[in-house]
Amino acid sequence: MLELNDVAVARGGITVLEGVSFHLAAGNALILRGENGIGKTTLLRAIAGLQPTVNGTIQAPEESIAFASHADGIKAQLTVRENLEFWAEVYGNASSDVDAAIQAMNLMELTDRPAAQMSAGQKRRLGLGRLLVTARLIWVLDEPTVSLDRASVALFSDVVRAHLAGGGAALIATHIDLGIEAETLDLTPFKAKADVTADTFDGDYW
Amino acid sequence: MKALLLRDLRLAIRAGGGFGLGLAFFLILATLIPFGVGPQPDVLASIAPGVLWVGALLSCLLSLERIFALDFEDGALDLMASSPLPLEGIVAVKSLAHWLTTGLPLVVAAPLLGLMLNLPSQSYGWLLMSLLIGTPALSVIGAFGAAITVGLKRGGLLISLLVLPLYVPTLIFGADVVRRAGQGLDASVPAFMLAGLTLGAVAIMPFASAAALRAGLKGS
Amino acid sequence: MIDLGKYAADVVLAYCISLGLILGLIGLSIYRAKRMKADLAAAEARIEARQNNGT
Amino acid sequence: MSLWEYANPRKFMALSGKLLPWTAVGAALLCCVGLIWGFFFTPDDFRMGSTVKIIYIHVPSAMMAINVWVMMLVTSLIWLIRRHHVSALAAKAAAPIGMVMTLVALATGAIWGNPMWGTYWAWDPRLTSFLILFLFYLGYMALWEAVEDKDTAADLTSVMCLVGSVFALLSRYATRFWNQGLHQGTSVPVATGERTVDDVFFIPLAISMVGFAVLFVALVLLRTRTEVRARRLAVLNARERMSA
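Protein chains in written order, with UniProt numbering: chain A, 1 to 206; chain B, 1 to 220; chain C, 1 to 55; chain D, 1 to 244.
Watch out, some of these pointers could steer you wrong.
Said to hold, decoys possible - Mimicking SDA-like on lysine to any residue, the simulated pairs with C-alpha atoms at most 25 Å apart in a straight line are: (1) B:Lys218 to A:Leu155; (2) D:Lys18 to D:Asp149; (3) A:Lys191 to A:Gln77; (4) C:Lys34 to D:Asn8; (5) C:Lys34 to D:Leu162; (6) C:Lys34 to D:Leu236; (7) C:Lys34 to D:Met209; (8) C:Lys34 to D:Gly17; (9) A:Lys123 to A:Leu155.
Worth flagging that the hints you see were computed from the coordinates, not collected in a lab.
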C-alpha cells in the first residue's frame with residue numbers, strides 16, 4: 001500500500017532524517033516514535049505530498065492519502081455539519097458520509113453548533129471526523145490525540161480499528177498508547193548525522 | 001471547486017469583516033480627498049477619475065492578506081493543498097471570492113463617491129464599466145501577492161511593496177478610460193487595453209500564485 | 001581646468017551623486033565580502049577544533 | 001554539460017576567485033578611461049552646454065539597470081529549472097547592483113533634464129519606467145530578507161522576478177500610452193545601429209558602457225562569493241545547533 005525506501009527529508013535546508021524505509025500494508029497501522037524535533041512532522045508532510053524529499057522515493061496509490069496535522073483546518077464560523085459537508089464535497093463524496101462521520105465521532109448533538117463554541121477535544125473529534133469524510137485509504141496523522149480525554153482517545157482508537165478492518169492503513173505519529181495493535185517504528189536511528197548531512201547545498205561544497 | 005467558493009463567500013459574510021472593510025476604506029478615502037485638495041468643483045472633477053481608481057485599488061490591497069492568511073493559520077491550506085483540488089484552481093476560486101466580496105462592492109459604491117467628487121456626468125457609465133473590467137485583475141494579481149507573502153512575518157507590509165508596482169498598468173488604463181470619457185474623448189482604446197490586461201492576468205496569474213504557494217507551503 | 005559653463009553645478013552634482021552611490025556600493029560589497037570570509041574561517045576553525053578533540 | 005559544472009559551489013568559487021582580480025582591474029581601467037575622456041576631452045554641445053557630459057554616466061547606468069534585471073531573470077529561470085544554488089545566489093547578489101544603477105540613472109536623468117525641461121522630475125514615460133523598475137528591485141530585495149528558509153526564498157523571488165518582468169514591460173508601454181515623452185530618442189539605439197550622437201562623443205561613451213558592464217560582472221562575482229560563503233556559514237551554524 002505505502003512504500004518508502006531510503007527517504008531523506010530536510011527542514012529549513014538541513015536534512016533531518018535519512019535512509020527511512022518501511023512498508024505499510026492494507027489493514028494495519030504503524031506508529032512513529034521519536035523525540036520532538038526529530039522530523040516526524042516533516043516526514044509526514046513529505047508523505048502527504050506537501051513537501052519534496054531530499055532523496056529516496058515514496059510510493060502510494062494515486063489519490064489515496066488523507067493528511068491530518070495539529071492544526072485541523074476547522075473553520076470557526078462554520079457549524080460542524082457545514083465543515084464536514086465542505087470537505088465531503090472537496091473529496092467528491094456524498095453527504096451521507098457526513099452523517100456516518102458525525103455518528104462515528106459522536107458529534108450528534110453538536111451538528112449545528114459553530115466550531116467556535118466547541119472545546120478543543122470536540123474540535124479534535126471534528127477534525128478526525130473530516131478524515132472519515134475523505135474516504136481515503138491511507139491516513140497520515142500527526143499527533144491526532146492531542147487534547148483528547150481518555151474516552152475520546154478510546155473512541156478514536158475504535159474508529160482507526162474500524163478503518164483498518166475496512167482495508168485502510170494508518171501512519172500515526174504519537175507518544176500516547178492508542179491501544180491499537182500496530183508495529184512501532186522508532187525514527188532515532190534514521191536521524192541525520194550532524195556532520196555528514198547531505199544538505200543539497202553543502203553536499204558538493206567542500 | 002464550487003464548494004470552496006460557497007464556503008469562502010459564507011465565511012466572508014459571516015465574518016462580516018471582509019467586504020465591509022474595503023468599502024469603508026474606499027468611502028473614507030473619497031471623503032478625505034476634498035479636505036486635502038479643497039472643495040472647488042472643477043479641481044475635484046479633474047482628479048475624480050484618478051481618486052476613484054486609486055481608492056478602489058487601495059481598498060483591494062487592504063483585504064488581500066486575508067485571502068490565504070486565515071486558511072494558512074488554521075491548517076486548512078495544507079489540507080486543501082493535499083486534497084484532489086488543483087492548487088491553481090484553489091487560487092482562482094479564492095481570487096473570485098475576493099473579487100465578489102471586495103471588488104464588486106467597490107464597483108457599486110464608486111458612482112456614489114463620483115457624485116461627491118463632482119465627476120463629469122457623462123463618465124459614470126465608463127467609470128462603472130472600467131471598474132467592472134479592471135477589479136478582477138486587481139484581485140487576481142493581489143492573490144499572487146498574498147500567495148507569495150503567506151506565512152511570512154510582516155507579510156502585510158511586503159504585500160503592498162510587491163503588489164502596487166504590478167497594479168500600475170491596470171491603474172493607468174483604468175483611470176484613463178474615465179478621464180477620457182470625462183473630456184468627451186473616445187475612451188474605447190484604453191478600455192480594450194484594460195480588458196486585454198485583465199484577461200491576460202486572469203489567465204496567467206493563478207499559475208504563478210500556485211507556484212508561489214507551493215514554494216511557501218514547502219518551506220513552512 | 002576645463003570651463004563647464006553655466007551648468008557646471010549640475011554636471012558636478014550629477015557626477016558626485018553617481019560616483020558616490022557606485023563607490024558606496026563597491027565599498028559595501030568589499031566590506032561584506034571580507035567580514036563574511038572572516039566569519040566563515042572562524043566557523044570552520046571552530047568545527048575543526050571540535051572535531052579534533054570531539055571525536 | 002560543462003557550463004553547469006560551474007553551478008557547483010566549489011567549482012564556482014575556484015573559477016570566480018581567478019576571474020575576480022582581472023574583471024576588477026578591467027572595470028576600473030575602462031571606467032576611468034571612459035569617464036575621464038568624456039569629462040575632460042569632449043567639447044560642449046551647442047544646445048545643452050556642458051550637461052552633455054552627464055551622458056557618460058546616465059546612459060551606461062540606464063543600460064545596466066535593465067540588463068541586470070534581465071540577468072536576474074535568466075538566473076531565476078536557471079534556479080527554477082535546474083535548482084542550482086549558485087544561480088539563485090547570483091540573482092540575489094545582482095539585485096542591489098541593479099537597484100543602485102537604476103538610482104544613478106534616475107538621479108543623472110533628473111539633473112540632466114533640469115536645465116532642459118525646467119524641472120527636476122518630469123512624468124516622462126522613460127523616467128517613470130525606471131522608477132517602477134526601482135520599485136521592483138526594492139520588492140525583490142525585501143522578499144529575500146523576509147523569508148527565513150533560503151530555498152523557499154529562492155523559489156519565491158524567482159517567481160517574483162518572472163512576474164515582475166512581465167509587468168515591467170507592460171508598464172513600459174502603459175506609461176508611453178499615458179503621457180507623451182519629453183525624453184529624446186535613444187542616443188545609442190543598439191537595435192537600429194544608427195547613432196544620433198556624433199563620433200567625438202560616441203567613443204568615450206562606448207568605453208564607459210563597456211566599463212560599467214565589466215564593473216557589474218566584477219561586483220556580481222564578488223557579491224555572489226559572499227552569498228555563497230554566507231549560505232555555507234548558515235549551514236555550519238545550523239548543523240552546530242543541531243548536533244549541540
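These are the hints, each one checked on the structure:
no., hint, verdict
1, B:Lys218 to A:Leu155, "33 Å, violated"
2, D:Lys18 to D:Asp149, "31 Å, violated"
3, A:Lys191 to A:Gln77, "41 Å, violated"
4, C:Lys34 to D:Asn8, "22 Å, holds"
5, C:Lys34 to D:Leu162, "32 Å, violated"
6, C:Lys34 to D:Leu236, "18 Å, holds"
7, C:Lys34 to D:Met209, "28 Å, violated"
8, C:Lys34 to D:Gly17, "14 Å, holds"
9, A:Lys123 to A:Leu155, "14 Å, holds"
When each numbered hint is compared with the structure, violations occur for hints 1, 2, 3, 5, 7.
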